[in-house]
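Visitor: Here's the letter readout for the chains.
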Amino acid sequence: MDVELIAVGAREDVLRRIRTSIGTPAANAPAIEAEWNTLPREYNRVGSLDREAVLEMLDERLRDYDASVIRIQSGAVAETIAKQLTERGKHRLVIPKGLAEALGEALPAGFEFVVDEGLSTTELDSFEGVVTASTVAIAETGTIVLQNVAGEGRRAPTLVPDYHLCIVRAGDVVENVPEAMTRLAATASLATTFVSGPSATADIEMTRIKGVHGPRFLDVILVT
Amino acid sequence: MSGAGLDPRTAPKFQVAARVLVGDSQMRKNVRHATKVIQTKRAKVVAEMPDWQKLREAGQAIRQHTLRHLDFYLEQFERNCTAAGGVVHWARNAEEARQIVIGLVKSSGAMGESPTEVIKIKSMTTEEIQLNKALEEAGVHAYETDLAELIIQLGHDQPSHIVVPALHKNRAQIREIFMREMNLPDLGGTPQDLADAARRFLREKFLRVKTAVSGANFLVAETGGVCIVESEGNGRMCLTLPETLISVAGIDKVVPRYQDLEVLLQLLPRSATGERMNPYNSLWTGVDPTQKGGDGPRTFHVVLMDNARSEILADKEARQTLQCIRCGACQNACPVYQQTGGHAYGSVYAGPIGAILTPQLMQMHHAQSLPYASSLCGACYEVCPVKINIPEVLIHLRNKVVKQQSSGFHILANPEVMALKAVAQVFRSDKVFRVSQKLGRLAELPLSHKDGQGVGWIDWLPGMLGGWTQVRDLRVMPKQTFREWFEEREKNKQGANNGR
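As you go down the protein sequences, you meet chains A and B in turn. Here the first sequence stands for residues 0 to 223, where the numbers follow numbering that gives the first Met the number 0. Here the second sequence stands for residues 0 to 499, where the numbers follow numbering that gives the first Met the number 0.
What the hints contain is simulated information worked out from the structure, not anything from laboratory work. Just so we're clear, the structure is a prediction, and the values are computed from it rather than from any experiment. A virtual CB, placed ideally from N, CA and C, is assigned to each residue, including glycine. Among the hints, erroneous ones may be present.
[What the hints assert, rightly or not] Mimicking BS3-like on lysine-lysine, the simulated pairs with C-alpha atoms at most 25 Å apart in a straight line are: (1) A:209 - B:40; (2) B:420 - B:430; (3) A:209 - B:204; (4) B:386 - B:399; (5) A:209 - B:35; (6) B:420 - B:399; (7) B:12 - B:420; (8) A:209 - B:43.
[What the hints assert, rightly or not] Incomplete in silico selection of chain B near chain A, CB under 7 Å: (9) 11; (10) 12; (11) 57; (12) 99; (13) 136; (14) 170; (15) 194; (16) 206; (17) 232; (18) 233; (19) 278; (20) 282.
[What the hints assert, rightly or not] Simulated coverage check for chain A against chain B, where a stretch passes if three residues somewhere in it have a Cβ under 8 Å from a Cβ of chain B: (21) 33-43; (22) 175-188; (23) 205-216.
Bound-form chain B, shown alone:
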C-alpha cells in the first residue's frame, strides 16, 4: 500500500467523506455491481446448507467461548507453536508489531545480509498497522501478491473491502494501471489477460524473494497450527517457497481446537466469496524439522498483536466485535456501504464491521462518526456467519460517543451537544417554551414561502440547521399551537356560557 494510507486519526468524518464519494458515479457503479454479484453467490451457496443456522450458532459459540478464555488459549497456542519450531512474539500495539516485523525481516537474510524485499499475502492486520509504509521507510519493499492488493499497490490506491479490496475498480481502470506500472503497452482488456499479466509479473518474485509476511485466518491453540485461506495460490507461494515466514495475527484470531475448523471453514468461504470452499486452504504447524529440502520455510515467526483488542474485550456489550472472522458479508449487504464504497470509512475496516471495529481500535478517541454510518436496518446481522449483533453494538457505541462528547471540555467543541442542552432548558419551563415557540414563528418568516395550495414551506435553513433542508423541505410552524388553540377554545366556550 502506498500513499498516506487510510488512517482513522486523520480521516474526515464519515458524513463529509461520503458526500464527496457518492459523487463518483463510476465507483458507485463498480461497488454496486460487485456487492450484488457476491450477495447473489452467497445466497445460493448458503441456501444449499440445510444446517446453516446451526453452523452460525456453533460459530458464535466457539468464538464467544474463545474470548472468555482468551489468555488460556493464547498461552496454549504459544506453547504448541514453540514446541513445533515456531517463534512467538507479542506486541502491545501497532508500533511494537511493526518494529518486531522490521527487526525479523532485517535479520532473516542468509550470511548476515539484510533483505531489501519481502513478498506479502493479503492481510487486514498488516493493513491495520500500515506495515508496508513502515517497511518501506526501513528500506524494505513489500510486494503485495494478491491480485486485488497488487492493483491497489500499483495504483497507489487504498483498499475498500475486507475480502475484495479493489472492488471499486473495473477492468478498464485495472488495465490502465497495469499498462502503466508493468510497462505493458499491448495488454489486453479481459479479466483473463489481466490475471495473466499479474501471474507473469509476480512469478519471478515468488521464485526469488526469500522472506514472506502474512496475516492469519485462524491460530489453532490445540496444535499450535496456523490456517490461511485464499484463492489464487499466491498465499501458498508465500507460505511454502521462502526461507523465512513472518505471520502477524491479532490476539482474537485464536480458536480452541482443530475440530473447530470444521465449523469455521464452512462459514467463512460461503460468507466471504460465495464459494462452497475457496480454492486453497493451508494449514501448517511450526517448521519441518528436515534440514535440507524440507517442506516450507526453515524459520517461522508469529507476532501476536493486541492493539486495543484487550480493551474491546472489557466492554461486555461490544466484546462480540472480536468474534469477527473477516468475511466481509456485512459490507456486501449494507445499503450504506453499497452507496459510499469503503474509502468513506477512513479505515481499512469499512462497512458495518468497520463502523464498530474502527472506533474501538482507536479507543473511541477517533472515528466517532462511524457508529452513525448506518441506518440500523439489520442486514449485516442477518448475514454475519458468527452472529455479531452489529446494530446493537452500533447503538451502544453511539451512546458512548454521546456520553464522551457531552462531558468535560468536549461540550465546547460540539455545537450539537450545546444545542441539545439549550433545548433541554427550553423544555424545562412552560414559560420559556411558549416564548420560544412565538420567537420561532417570527424567526422563520423571512425564510418561508407559500406553495400553490397556500401551504408555507422552508427550503433553506442557516448554519448547522441546513443539514435538514439539504435533502427535504420543512413545513412552516402552524399559526397556532395545539395549546394555544385549546386555550382559545376554552375561553370562547366560557365566554359563550357566560353570555347565555
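Excised from the complex, chain A in its bound form:
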C-alpha cells in the first residue's frame, strides 16, 4: 500500500481548518517571535543555593529515588569504579567510545570493558552492566542527563544491561531544570535521555517498584 495515497490533501486541509478556526490573520515569524519573548517567565530560572548545598541536594534526591551515590575527589575515579564493580560483582561491561578521555583517567584493570561500536541488541543483552560519563545533572529533581557524545554514547547500551554506573563531575551539576535546559540548548538536537533513578513503576496499587525494563540498579559516582 502506498502511504502517500491515503490522506491526499490532508496537510492543506488541516492547516486551512486551523487558520479558519484561529480567526485572526496569520502573523509573520518576527511577530510570533516577539510575542513568544513576552511570555511570562517569573519562575526560578536560576538556582539560589551555594555549590555544596547543590551537591548535597543531588546526593539526597538520587538516593530518594533508589540510586546509590559515592562522592569522591578527582583522581580517584578509576579506583572507585573498580571498587564499585567488585562490590556489585560485575566483570563484563559495555562502555561508550571516548569514556577514558571523558573521565580524564584510564579505566581500572581486572575487568572486561568492551567498547560499543554498534553492538546488536542481543549482544548488549549479554553484558552485566554499562559505565558512562554524563552531560549535566539536576540536583532539584535527582536527574542525570545523557547525550549521544563521547563518553556517553548511543542510547541502547545504557538501557539493555541491568546495571548502570554513571560518573558525574561536580562542575556539571546544576540546581534546577531551567539551568539544565540552558546548558543543553546548544546540543538540543542530539539524542538525549533524562535518567532519574533506576527504572520504576507505580502501576500496581501506586506502589513504587524498582526496575521494570531499564537498568534495575543505578550507581552514581560524584566527582568533586
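On the provided structure of chain A, position chain B as indicated by the hints.
Guide: Structure of chain B alone, referenced to chain A:
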C-alpha cells in the same frame, strides 16, 4: 486493547453507566486508594516548589501562545523534523491516521516482508483512535509494553485513567490475569513479582520486534525534536531498539521551543505521578545519519492528527481544552471520578478533562451527558498544571448541549426539554399557574403519606420524576400557597374593617 473498546458513539449515558459501576465495591476501593496515594504524593512535591504558581502561569501562557499560532508551529515542526531525517504525515481524522499507521507498519519490514507484530508505548492518542483493533484487523498484533497497558490488554479490559490506566485493578486481580495469560501457575503476589513477570514476558519482544508505535508528549517546533516521558524503560526500548518508529501525535502536542520544556518538564511529572521527575525522559530529533550501528531507529515517522482538534480551536471559550498535557491530576482530584472510576465516562479520556474533551472530539454529536458528570466543585481547575478552567468549559458545553437539544427535531426526543417548555407555558399565565398548583395538590394525594409529626411526604414519583425521589423524599405541597394565604388575609381584613 482488546474487546469493543470505549467508544463514545455507543457508550451509555454517564448517569446510567455510573449507576452500574458504583455498585462495584472492589473497583471503588481500588480507585479510591490509588487516587488518594497519587494526590498525597503530588501535594508533597508541589509544596516543594515555591514557584509552582509561576510555573503554572508560564505553562498556561506557552500553551495559549502555541494554540494562537498553531499553523505556524506545526509547519515549523514539519520542516525541522524532515530536515533531520524524519517523515511527517498528516491525518484529518482517526480513520486516516489508522490507515497511515497500518500502511507504514506493513511497509516497514526488511526485504519486502510485511511485519505481523509491533511493540507499543502507552499512548492516549492511539487509544483515542482505537489503533490496536485496526492493526489486529489488518493482521498486525500490537504488544502493549507499559505495565498497566499490558494488564489491560491481557485482561481484555479498558483503560480507566490517563496516566495509570489499570488503577481500577488491585494486585490480586493482576496476579490472576498474569497467571492465566502468561501461563505462570506459581506466580507470586507482590507488586515486585508481578513487575518481574512483565519484564520477562516483554524482554524477548523488545529484542525481536523491529517496528514500534508510540504517541508523543511534546513536539518541539524549533528543533523538530520529539519528547516522551515515562517510568519503566519500556518507552526507551521502543524508541531505541526497533528499526522503524511511528509516533502518532495530536496537532495540539506541539510546543514552540526547546526552552519551553523547562516549564513543561517541571509541571508534568509532579502533576502526573507526584514525582520530581519521572525516571526517563527521551528527546530525539529525526534519525541518526550513521548507517550501521547508529543511535535509534533508521526510519522515523510522525503522524500529525487533527481529529476534531481544529474545530475545538474555533470555540473561543472551549479552546483552552487543547492546553491539556495529559497529566491526569484532574481525574485524581475529582470527587465524581473517585466514586465512578474511569469506565463510566465511556471514553478513553475519563474524569473532568474527559468530560470536556470527549464531547468536543465527537463534535457534540455524542457524549452529551459528560458535561453533566461534575459537581462543578473546581478541584480540577485548582490542580491543573496549565490552568484549564474546566468548570467554565463544562458550563459552556452544557449550554451548547441545551441549545442543540432544544432546537429542531431534537426536542421530540427529549422529554426534559418538552417538560421545561411546558413549565414555561405555565409560568407565562397567572391563571394557568394557579390552576396547575391546584391540580398538583390533587395529583399528589395518592402518593403522599404522613410522618409521626403529621408532615406529608412523597417518597416515590412516577416516570422521569422518579429521579428526584430515588435518593430523597419530597415534602408535599403546602395546603395553601403564599398568594392564596395573602389574598385570604386581605379578604378577612376587609371583612373585619367592613364589619367595624
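Visitor: Against each hint, give a clear statement of whether it holds in the structure.
Guide: We went through each hint and held it up to the structure:
A distance of roughly 17 Å separates the Cα atoms of residue 209 of chain A and residue 40 of chain B; the hinted pair therefore holds under the 25 Å criterion. Only pairs whose Cα atoms come within 25 Å are accepted, and residue 420 of chain B paired with residue 430 of chain B is accepted, the gap being roughly 17 Å. Distance hint between residue 209 of chain A and residue 204 of chain B is fulfilled; the C-alpha atoms sit about 21 Å from each other, no more than 25 Å. Under the criterion of a C-alpha separation no larger than 25 Å, the hint pairing residue 386 of chain B with residue 399 of chain B is consistent with the structure, at around 22 Å.
Taken as a hint, the residue 209 of chain A and residue 35 of chain B pair is honoured in the structure, with Cα atoms around 21 Å apart against an allowance of 25 Å. Restraint check: the Cα-Cα separation between residue 420 of chain B and residue 399 of chain B comes to about 17 Å, which is no more than 25 Å; the hinted pair holds. As the CA atoms of residue 12 of chain B and residue 420 of chain B are separated by approximately 23 Å, the hinted pair is consistent with the 25 Å bound. Of the pairs offered as hints, the one joining residue 209 of chain A and residue 43 of chain B holds, with about 21 Å between alpha carbons and a cut-off of 25 Å not exceeded.
The closest approach between the C-beta of residue 11 of chain B and any C-beta of chain A is roughly 28 Å, which is over the 7 Å cut-off, so the hint fails. Because the closest C-beta pair between residue 12 of chain B and chain A is about 29 Å apart, greater than 7 Å, the hint is violated. With a cut of 7 Å, the hint placing residue 57 of chain B at the interface with chain A holds, because the nearest CB-to-CB distance is about 5 Å. Given hint, residue 99 of chain B at the interface with chain A, holds; its Cβ is 5 Å from that chain's nearest Cβ, closer than 7 Å.
For residue 136 of chain B, the suggested interface contact is broken, since its CB lies about 14 Å from the closest CB of chain A, more than 7 Å. Look at residue 170 of chain B: its Cβ gets to within about 6 Å of chain A, closer than 7 Å, so that hint holds up. Taken as an interface hint, residue 194 of chain B checks out: its beta carbon lies about 5 Å from the nearest beta carbon of chain A, inside 7 Å. Taking 7 Å as the C-beta cut-off, the interface hint given for residue 206 of chain B holds, the closest approach to chain A being about 5 Å.
Using the Cβ-Cβ criterion of 7 Å, the hint placing residue 232 of chain B at the interface with chain A is satisfied: the shortest such distance is roughly 3 Å. The restraint placing residue 233 of chain B at the interface with chain A holds, with a minimum CB-CB distance near 5 Å, inside the 7 Å limit. Hint status for residue 278 of chain B relative to chain A: holds, with the closest Cβ pair at about 5 Å, below 7 Å. Annotation: interface hint on residue 282 of chain B holds; nearest CB of chain A at approximately 4 Å, less than 7 Å.
A stretch counts as covered by a chain when three or more of its residues have a beta carbon under 8 Å from one of that chain; for the segment 33-43 of chain A and chain B the count is 8, and the coverage holds. Look at the segment 175-188 of chain A against chain B: 9 of its residues bring a Cβ nearer than 8 Å to a Cβ of that chain, three or more, so the hint holds. Coverage of a stretch by a chain is defined here by at least three residues with a beta carbon nearer than 8 Å to that chain's beta carbons; for the segment 205-216 of chain A and chain B the count is 8, and the condition holds.
In the structure shown, a violation is registered for the earlier hints numbered 9, 10, 13, in ascending order.
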